[in-house]
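Keeping their order, the protein sequence lines are chains A and B. Under the numbering used here, the first sequence has 3 at position 3, and the numbering climbs by one with no breaks. Under the numbering used here, the second sequence has 342 at position 342, and the numbering climbs by one with no breaks.
Hints are computed from structural coordinates only; laboratory data are not their basis.
With a Cα cut of at most 25 angstroms, we get these calculated BS3-like pairs of lysine-lysine:
#, chain 1, residue 1, chain 2, residue 2
1, A, K80, A, K121
2, B, K57, B, K340
3, B, K121, A, K3
4, A, K119, A, K195
5, A, K89, A, K40
6, A, K195, B, K96
7, B, K412, B, K96
8, A, K40, A, K80
9, A, K119, A, K83
10, B, K121, B, K93
11, A, K89, A, K198
12, B, K57, B, K363
13, B, K340, A, K163
14, A, K195, B, K121
15, B, K248, A, K163
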Amino acid sequence: MSKLPMEGIRIADFTWWLAGTNATRILANHGAEVIKIESKAHPDTTRNANPALPVKPGTGVSSGFNVLNPSKLAINLNLKHPKGLELVKRLIAVSDIVSDNMSGGAMERAGLGYEELVKLKPDIIVINMPVMGPGGPHSHWTGQGDQITAAAGLWHMTGYPDKLGVGPGSVLTDWSGVPYHAATAMLAALHYRNKTGKGQHIVLSQYETAIDSLGTAILDYTTNGRVQTRTGNRSPYGAPHGVYRCQGDDRWCAIAVFSDQEWQGLCRAMGDPEWSREPKFNTALGRMDNVDELERLVEEWTSERSAEEVMRSLQEQGVAAAVVQNGRDLLENDPQLKAVDHFVSLRYPEGGEMFVGADSFKLSATPGRPRMHAPLWGEHNEYVFREILHLSEEEYAEYERDGVFE
Amino acid sequence: MTNTDSSEGVLEGIRVLDLAGPMGVYCGKLWADMGADVIKVEPPAGDPMRSLGPFYKDEVHPEKSLYFFHYNTSKRSITLNLNTADGRELFKKLVKDTDILLETFPPGYMNDLGLGYTQLKEINPRLIMTSITPFGQTGPYREYKSSDLVGQALSGWTNTVGNVGERPTWPAVELGYHHVSISASAGTLIALYHRDMAGEGQHVDVSMHEAGAMVAASTVQSWDVRQEITSRRQATPNRGGWGIFQCKDGYVYSVTRDGPPINFLFKWLNEDGIEHDFWDPRWQDPAAVDDQGVAFRSQPENIEHMNSILRPWFMTYTMLELAERGQDHHLSFIPYNNIKDVVDDPQLEARNFFVDIEHPLMKDTPRDGGAPFNFSETPWRIRRRPPLIGEHNLEIYAGELGYTVEQLALLKAAGAI
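So that you can see chain B by itself, here it is in the shape it has in the complex (with noise of 0.2 angstroms):
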């Protein structure tokens, strides 16, 4: 790790039991990275996200899932069999000194188990549980299947994604298990901040289906005001200049706001030579409507006009070239970039944000993308690599819970960690 600051995180004391799957172990890496010592609890065999790839060099192996790598930095790691009887008295042991538990199980799976909140909460009534489903606890749709794309095509995202007239889009990166795990984090943090005023937990039920509705709002606004349905954009601008434009190595996204910015612009042009007539005052003037009341600026033939003038001039430019001259006359140029541009970005040179995370069985040290936000008195960190299988069984298990080698082996061997 390049920081061995050892600083405390601002979650630092707060321990966290990590059973969640692809639902929510984002949200334990968040809480893991901001100091919480968060336990992740795995299967005996292994968490089954170790099963899902990239893997590191293409080299399919539990410990080498970097699906498993970037979701569990900063955690420890406990096997532990729910299944058996064993494997519940260890883990009503463990909620003892627990203050928050995350799961995402599916509706009343913990309840099955005997480890309901209900139940937990007479072992710890400080115990703040977290559970994260398709759906929610309660109503008709509780029992259903879901997916990340299946979860964000019932809550109206889906519909938004894409272009008009075309098949509806899957952004490929499970950003809805992102975003119900964010909106689980908040809730438990509001739970965490009653429980410093008023001492006790309680149960946060959380809802992937209502979490994706809270993205769509916009199209039931759209609905409620105007009952107009709102789906995918359109590719074609409102304005001249704003949008997607090719360039001489990739794209730039183009924001033209009136004044000085889109000024700049204008005189750009002028600079390398090119010919326009945009000095005419109409273009920027929102009171020039036609009789259809459309601003001369927005109405088509307008528009294309003024990007085709603009199109073979951005061509000209790279990316880095077009966003580092308009942005420092404020005019938004913003590179449309793809993983290699990001990871090379100088920005984020400048500002540190990747991290190298050494890891025994990966002789070429990953490097993975770094802080969310930066706290001055707790600054965020990745604590510690991520956790091999059971790595902290002999640490928790016998360290802190004091159980014995021999007592240990016998578990193990019954599958019970």
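One chain only, chain A, in its complex shape (with noise of 0.2 angstroms):
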């Protein structure tokens, strides 16, 4: 069994919610000790957000919670108590990094800043990822998401002209800016450290990701003037492209032709239609020219058939086509997914399972997968404090009686 690559890392894990514990879970997945610190005052609310979340029963955690923290420890340390505070310091003074995904500035006020922490471990390595950057005039604004993503001008850009934009599909930032972002910041700050001996503080500004997913959006316009607006499913580049309405309730087919070759073989998938051999649907300029047209002649012939239909005979002609997959679809109908065993099942205590994807790289040497359970509220308390921190029997009870862990 080839050892996991991440193995010998520790990270004291002040994330919660969505965007930050994705991050620390890449690195958990690969071997890393992620050690999430939560208490009474402080808990990660994603454990129980029913029904937004709902909760499996067997579980003990949200469907939510499960996805994002998966090969993660979780302790519970109040550190408004004195001896709270001192022990997390001497968790971090054994940690290589330390991460958090609150609002600018909550580190500092509980005394955790880099400042002092950098005073724990010289060679420490700190992650903040608030919503907008230290300084600047709203540098203390708060926002979920959504919201940060609409802020992005991403929202502007996804839907159709005449509408208001709609959001770019999940939660964006915290699906995939942020914590891949993340996860890229601390994986180049551990090579560096190797490399050097060296830590540093690292500050992720969700916003300031979230604008650089814009592609040329930001140079067109302080080069051409162009404001990118709405398109809808059209593409510059050639047509058609678009979904399309197949057979079925709310069942759609995905479709991009830009060459000749393609528009050739979706022709022959369709059967050669006559109105396919009209000499204005020849060339690529002549396909966008007359593309309202050609739009409704395509989702007439797909409106017919069911959409696994119209991507097999489309992908069998070589032209991409993809069913509109739902969450069944990606749980039971994919058998690419199931060939790559993308789902894991994880198994809890109280005999519950939920599934979680397996993210979407493979190393042939050192691979990673989700292999336990997202922590149940404080299951690691003992295994933290008496062997990590050494606490002796006498010292963890009188320390549970006096509050300190919760």
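Hints in hand, dock the two standalone chains.
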């Protein structure tokens, strides 16, 4: 059994909710010992966010918490208690990374800002993930993922020109931009520390990270004065390009045709209908000039078929096409995800099971995987305080009585 | 460039050969701006991405593609044709001193050229090869075609975009490619950490399909736990004051939490002479439910009642007026921006977020977005402007690999570089 690549790395993890916990998940699944630090005053409220994130019977945690926190440990530490603060500092002194995603200044106010932490461990790597960055008139602003993507301009650019823009799907800062940029930053800092012995302070502004997903929109505005806006499902590079209705309730297929070759493939899949042979559809420019009619005709064809059949027949002709899958499709009907064991079933102590995705990259020599259920409340108190921090049995009992572990 | 600091980057000393197309080109940029020596390997006539717009001042020209510009900051460029024997020889020489090879060719393409991971690791056992493909290196969909939209669709992502009952929608900024790029970055740097500790490289197999499925994770949970298919979200809110509201110069996204935040809103309304009954404690009491268990504040008629009072009030203020005053009192109003609002944002200006990047063929210096994160010891910065086609052929082939000018001329004429 190959060793996990991040074994030996310990993270004192103050992240909660989505964006930050998603980042430490990546390292936890690859072997890092990620210790979630929670208290009664500040639990990770994703745990019990019923009904928005339902709790499956027999698990004790919400589905959202399950997805974001596999392979991690969890402890309770009352940071308002002097012994609690002392213990958390002792834990940080034997950790490699300290992570949080609270609003700007929260860690400083708790006495755990970078200046304090670097005294405990000179090569500590600290990552903060506030909404806005430190400095500037709005640095204290709070906002959740959806609001951040709206502020970054993503809603304005998604949807149809004659309607208000919509969100870019899921809560993108939480499931994409923040976690993978944060993991990149933490891992790069670890590499740098391996090379030089130095730690560092990383600040990731969720708003600024979201803006970095805008592609060419900023340059197009600053250079050409153009405000990129909504184009529905159309691409400037080819037609037909969009999402087309298929048979059944809320069933659709996405199709992307760019080249003449792909256009011919689409025509073959459709059985070379009369209309497709009209000269106006023969060229890429022609297809774009007549895109309204073209899409209407394509959708007439797709509407009479299942999304699966459209996908299959187009892929057979070398055309990019795919069923617009939903959650059930992903879990039950997707042969590709099955073949690569994308979903891992995690079993909980009470007997319940939940599925979690194993992420998108497979390392050939040292693969990682969600290997343990998301931790229950205070599940690892004994392990962390007795084995890592060497509290004696008596000290542990005394602190417990004093409310240090709550 | 506005930053003349010459401090080293966090990935200083790491050499990357970047053969990536749209699925991976942001990953290369991310690392290059972090200090890695990223060499963009282009076909002799230039990378196909140089044909993608928008263009500088709409001048369609391979050195003026803003697409290429955005994604290739801080990189050097060489030209190389892997379909020639000479090209492949050159490539193997480069691989000897390469730490990370980033590519997005279809599965099997590099193998067929004799340049797959098993072959390259013989030349350089410390090589980390990262391959980004639509579906991964194995599986029944391995040969399937994809695109940003098509990839998002199959991965469950597209189904969540748009309003309930309407057509699933595609965000027009190639977020699928962006997402798999940053996923690849995380996976590769885990391999780099492992190499630091154990000395060996490895192959990192990245699938855009699996990456997208991670974005759609909550829809899988809904099915797993509740047998519910969550689809495009409601345009209607589930409590008053929560959601997107039109205001004087645009829209704000308002999130009204109980306690001090929403109390401040109610006070503000009073200040402005707006009559309301929102001080009734039921508005903030989650236990005030009807016989169906629906909280008072979430009952449709009450949502509409509150919003009918709020809507005209929002129209009397601009986005920034609402956000700045609200946020000073923990009331989460956030402006719903377009790209102009983003570029003009005083917060980003105060943070020096934007960077000016000079280019010999662009008289008006382009300004682009800046750091996705900040490091204290190794500041993020654009190290050089995006390269011209093969700009560093001499520097790398002659300067580093020792080829003579005559040899390079022969290779150029032969179509190898």
